[in-house]
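A.B. asks: Chains as they are written, first to last, in my numbering: chain A, 1 to 191; chain B, 192 to 382; chain C, 383 to 573; chain D, 574 to 764.
Source of the hints: derived by calculation from the structure; they are not laboratory data.
Beta carbons: idealized from backbone N, C-alpha and C, even for Gly.
There's no promise every hint is true.
Residues of chain D clear of chain A, computed beta-carbon distances all greater than 10 Å [as the list claims (entries may be wrong)]:
1) Gly624
2) Glu636
3) Asp647
4) Gln653
Straight-line Cα separation of at most 30 Å, DSBU-like style, residue types lysine-lysine; simulated pairs [stated by the list, open to error]:
5) Lys159(A) - Lys382(B)
6) Lys573(C) - Lys198(B)
7) Lys334(B) - Lys101(A)
8) Lys573(C) - Lys258(B)
9) Lys764(D) - Lys674(D)
10) Lys622(D) - Lys573(C)
11) Lys622(D) - Lys50(A)
12) Lys716(D) - Lys87(A)
13) Lys573(C) - Lys197(B)
14) Lys191(A) - Lys350(B)
So, partial list: chain D residues that the calculated Cβ filter (under 8 Å) puts toward chain A [stated by the list, open to error]:
15) Ile604
16) Ser687
17) Leu690
18) Leu691
19) Lys694
20) Lys695
21) Tyr750
Number of protein chains: 4
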Amino acid sequence: MADSIKKLQDLFSKFPTVGRRTAGRFVYYLIHQPTQTTDELIAAIHELKKGVKLCAWCFNPHETSEKLCLICADPSRNKQQLCIVEKEADLLTIEASKRYKGLYFILGATLPESPRLLDLKKRVSAGNLEEVIIAINSTPDGKATTTLIERTLKELPQKLKITRLAQGLPVGGELEYADEETLEGAFEGRK
Amino acid sequence: MADSIKKLQDLFSKFPTVGRRTAGRFVYYLIHQPTQTTDELIAAIHELKKGVKLCAWCFNPHETSEKLCLICADPSRNKQQLCIVEKEADLLTIEASKRYKGLYFILGATLPESPRLLDLKKRVSAGNLEEVIIAINSTPDGKATTTLIERTLKELPQKLKITRLAQGLPVGGELEYADEETLEGAFEGRK
Amino acid sequence: MADSIKKLQDLFSKFPTVGRRTAGRFVYYLIHQPTQTTDELIAAIHELKKGVKLCAWCFNPHETSEKLCLICADPSRNKQQLCIVEKEADLLTIEASKRYKGLYFILGATLPESPRLLDLKKRVSAGNLEEVIIAINSTPDGKATTTLIERTLKELPQKLKITRLAQGLPVGGELEYADEETLEGAFEGRK
Amino acid sequence: MADSIKKLQDLFSKFPTVGRRTAGRFVYYLIHQPTQTTDELIAAIHELKKGVKLCAWCFNPHETSEKLCLICADPSRNKQQLCIVEKEADLLTIEASKRYKGLYFILGATLPESPRLLDLKKRVSAGNLEEVIIAINSTPDGKATTTLIERTLKELPQKLKITRLAQGLPVGGELEYADEETLEGAFEGRK
């Protein structure tokens, strides 16, 4: 196999969810594309690295020349609510649902050693928040992270309402197969 | 293939989740079991049909000589709460979680034409209930059934609290992949 | 839960591919069937155990009052070909394909300690066979069994053609994902 | 969402097997990589498009300054055997198995309208081939392509052996679940 095929396959193999076989398919796909397509791809990667930076407040990637992202800079957002998420994709899912109009903070990782925990503390200390919603997956790592954040925020002098997203039955889920903890959430949160 | 093999395969094919191939495997399994095992199976089916009847109040299958099942007859259960479920398996899942101590009513089907809707109305009219929890799957059929039950119960003169199980993120579920309605439930029910 | 429900659930749990939850669904299915259906089921199990016996030659279950099954007794079958299979379901699949017109021998297990290996030796010794086709899955256990049968049959004085089913690409399978051994079979057997 | 994020997500969405959500994960992955990694990626794509061309004989991508790929140029390969495959990944799988030492021809598509059918005809006409192995998946499209190639090659004046890969049971496959056509191949090719 040619060296540059192998080299590119190696790089694609490091993409999330991509194994060597799929990485190989990506390379052959690019081989068969016109140069115009690969030029576009290269230009888009350049643009991304040049134009996109993380918001100075919430760490959401954005492309304006400003320090703050469009959400943080939006005067119509509720500055008294903060929703802490693990990663950008979670923010996008919540934004897509159009049910939340406050600010975000992207933690960047679930592990307790997230380097942004200190930043979070600063933001909350300096802000004028009424509620912090911890929207982190209830996986083992996620739960540990949630507990750590709760403990950290409770040490602050602010009077804050700290909440978690409700646990319950997902739409379309079957009660018969629900685990005990999910069922407990579903009964406790009934209304 | 021998006639009685085919006959038994036909009967097993009607069991829930069983296709013809699996039904065939069941038959060959029985062919190779000692007669003692099939005698036990036959005796257990006999016992089931002779001894098990549906509770006169909640339709839960039970085996006592009494009219009421062990749950309905249990003086320690909270007689002011009623949980409506679709089928026995749902009741068993809820009982296994040990989070609910009231009565049940097994609807027997999700479709609006459930023949037990009238029975449900009678039970609620005659009872001394404070809360009715509708614990029916949020599938399209289940939602229609829930709506129908709510409407039916609201027409009764009783002052009843009618609740549904909370929708939200199941334990271990990933926020990124949550649908809009589940996410809405998770935000609304946060605490 | 009622005792006879639990008892029957235990018995169904031992059926192949059936877990406790599915066994429970079987029990509730039977509870809700009319007695006529369960009577039919019981009668069919009785018939099966009374009427079905294993063929004295090939171990195929059959229901005639004769010693031999319908395949072994069929004068139109080729008595010079023998196909060794692991279990009844394999025989049924081969019969359904209508590509084979010889005799069968059901081994009953893949493990080398199959108690029928001695029977197989006797059948082949006494018969007038020209070809023995070993039609056993190429799983690790199956391969060990195939090797053992080959060795056993080669020790016999008969002049026998001993064959295995061809390895190759299954219909609809993708070459890209074929393992090395399958591909080797596909190249060697090309025509 | 920033424009260059969306732009790059669009381009990744066109990669084989990649949906919008996965494309989004690729973009966020790149945002969080150091510039060195994206520079490497860009360089590798450049190299690929500059250095890799299709072999003038077999259409296998290669990187030498020569017209022929390393396989076509290799004097130790058997020039009397030609293996026709649909795509590069099939060639790689066959090469990895080390069971074939002849030449290849990459068709580039299964559909009858493959623009390389004419090229194939020229190669076979001009060559000194003894055998052409058609190694195309036995999917409906693949079968139609195989038939078309056979018909095309049989019209040539050359005396050629035209073969197909053997159909049969894949290693680890279960006889019980084999389809009729696979089973037919397995019986016919037995040895």
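A.B. asks: Now tell me, hint by hint, if it's right for this structure.
C.D. replies: Verification of the hints:
With a closest Cβ-Cβ approach of about 5 Å to chain A, Gly624(D) is found to fall inside the 10 Å limit, against its non-interface label. Annotated as non-interface, Glu636(D) brings its C-beta within 10 Å of a C-beta of chain A; the closest such distance is 3 Å. The claim that Asp647(D) lies off the interface holds: its Cβ sits roughly 14 Å from the closest Cβ of chain A, which is beyond the 10 Å cut-off. Interface exclusion of Gln653(D) from chain A stands, the closest Cβ pair being 25 Å apart, more than 10 Å.
Simply put, Lys159(A) and Lys382(B) have alpha-carbon atoms about 16 Å apart, close enough for the 30 Å limit, and the pair holds. Between the alpha carbons of Lys573(C) and Lys198(B) the distance comes to roughly 43 Å, so the proposed pair goes past 30 Å and is violated. For a cut-off of 30 Å, the pair hint linking Lys334(B) to Lys101(A) stands: about 28 Å separates their Cα positions. Of the pairs offered as hints, the one joining Lys573(C) and Lys258(B) is violated, with about 74 Å between alpha carbons and a cut-off of 30 Å exceeded.
Of the supplied pair hints, the one linking Lys764(D) and Lys674(D) holds, its CA atoms being roughly 23 Å apart against a limit of 30 Å. Distance restraint check for Lys622(D) and Lys573(C): the Cα-Cα separation of roughly 39 Å exceeds the 30 Å cut-off, and the hinted pair is therefore not satisfied. For the hint pairing Lys622(D) with Lys50(A), the CA-to-CA distance comes to about 23 Å; that is within 30 Å, so the pair holds. For the given pair, Lys716(D) sits about 46 Å from Lys87(A) by alpha-carbon distance, which is inconsistent with the 30 Å threshold.
For a cut-off of 30 Å, the pair hint linking Lys573(C) to Lys197(B) is broken: about 40 Å separates their Cα positions. For the suggested pair Lys191(A) and Lys350(B), the alpha carbons sit about 16 Å apart, so the restraint of at most 30 Å is met. Interface hint status for Ile604(D): upheld, as the beta-carbon distance to the closest one in chain A is roughly 5 Å, under 8 Å. Nearest Cβ of chain A to the Cβ of Ser687(D): about 13 Å, over the 8 Å cut. The hint is violated.
Violation of the interface hint for Leu690(D) is found here, the shortest Cβ-Cβ separation to chain A being roughly 18 Å, above the 8 Å cut-off. Proximity of Leu691(D) to chain A is violated relative to the hint, the smallest CB-CB distance being about 19 Å (cut-off 8 Å). Because the closest C-beta pair between Lys694(D) and chain A is about 22 Å apart, greater than 8 Å, the hint is violated. Because the beta carbon of Lys695(D) sits about 21 Å from the nearest beta carbon in chain A, more than 8 Å, this interface hint is broken.
Annotation: interface hint on Tyr750(D) violated; nearest CB of chain A at approximately 25 Å, more than 8 Å.
The structure fails to meet hints 1, 2, 6, 8, 10, 12, 13, 16, 17, 18, 19, 20, 21 from the earlier list, while all remaining hints are met.
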